[in-house]
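**Q** Modelling step: build the complete structure from the supplied sequences, incorporating the hints.
Each chain is listed here by its residues.
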Amino acid sequence: MYSQGLIGADSSTTESEEFLKAFQARVDREEKIEPNDPMPEGYRRTLVRQIGQHAHSEIVGMLPEGNWITRAPSLRRKIALLAKVQDEGGHGLYLYSAAETLGVSREQMTEELLSGKAKYSSIFNYPTPTWADIGAIGWLVDGAAIMNQIPLCRCSYGPYARAMIRVCKEESFHQRQGYEIMMTLAKGSEEQKEMAQDALNRWWWPSLMMFGPSDSESTNSDQSMMWKIKRFSNDELRQKFITATVPQAEYLGLTIPDPDLRWNEKTQAYDHGEIDWAEFKAVIKGDGQMNRDRLRARNKAWDEGAWVREAALAHARKRADMKPIAQEAAE
Amino acid sequence: MTDKHDLTPLWEVFIRPRNGLHHRHVGSLHAADSALALQSARDVYTRRGEGNSIWVVRSSDIAASDPSFAEPNFEPADDKIYRHPTFYDIPDEVGHM
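Residue numbers (our numbering), protein chains in the order written: chain S, 21 to 351; chain U, 2 to 98.
Hint data in this document are derived by calculation from the structure and do not stem from the laboratory.
Quick reminder that beta carbons are idealized off the backbone N, C-alpha and C, glycines included.
Please note that the accuracy of each hint is not assured.
[Said to hold, decoys possible] To give a feel for the contact side, a few chain S residues facing chain U, derived at Cβ under 8 angstroms:
no.	residue
1	Asp57
2	Pro60
3	Gln259
4	Gly325
5	Arg329
**A** Below, the structure is given as structure tokens:
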């Protein structure tokens, strides 16, 4: 699924002018930066933070959807949802691995998530009270995620770019899965159609917030663009998403909950209403509807899995003591 | 709270897409031992028929060349054009060689 536009990173860096210029020249030549290459501390810090937030988002992102696995309306829906949630878990792992190449440990990142120190995408702090929410998440949230992640496949940092390529490849079914659910509901009974509209009403604005603060407010954007960590600004991506999504809503016969939304012939894009940035900030700060619940669920899973991790390590140590080198059949 | 002894080791994962091809590096993961590493590699890296064989190797067992020596290590190869077939002039009459 996806990361927010980076939340609050410090890209300041103290290297010599000459070092920074040489690094920028490499980036400008579209050379990928690999783990042990020299890089500015600000570049490393920005990436650790962004990839970490992205990984946490994938992991926490399993919770709102996991909520519906046991109650999916048919076996077909259930296996698709299971596969999707399993993918999100896998995506989290690819991303943690990419962050680890920058010298941060998995344990450290996990601790930061569990303690509430690390951020993750604001979108996962909204509840999923109805089945239509699963459709809306696939359609809108994964749709917004894909919009954001496709340019990240060309990120200047090699391991992040490679992880994103895998993620994008796997994620292409997620959005279709969600839209199909919305389609079924929108073409169903009056009550089902209302359910679909209600989900769209609740997910539309939070989905737009996924792209992060508007360009005039986004302090780290310029440096990230210079270093080619990101390729498009938050507002550019948000605009692309709106332009792609409005016709999809029209096809469903649903109404986007924005009275100010209209096609602008001159810019060839949709003008849209003001986003409630106060809500966005509150959710990021921890005051969304589900923030506490999400952290509680992650902590519970971590604590209840402790004995498994300890047993696996104890078993590995015991075997290593018995047999100095484990022989693996490498064909 | 986590001392070195308790860290779950990191493994590099290599997958062979099908017989006749090399195993290729696809990523890494944490696991307590090789059996669990293989199991996790199967779950994390082969959900869509990516391969028919997996290798895992502890990341700490990999020796890597130093990127700061990339130039002295690899640049000398650039000027040894006599290692390539196009360096040698063979008349067309000789035919394909």
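**Q** If a hint holds in the structure, say so; if it does not, say that too.
**A** Cross-check of the supplied hints:
no. : hint   : in the structure
1   : Asp57  : 5 angstroms, holds
2   : Pro60  : 15 angstroms, violated
3   : Gln259 : 32 angstroms, violated
4   : Gly325 : 12 angstroms, violated
5   : Arg329 : 7 angstroms, holds
Hints 2, 3, 4 from the earlier list are contradicted by this structure; the remaining hints agree with it.
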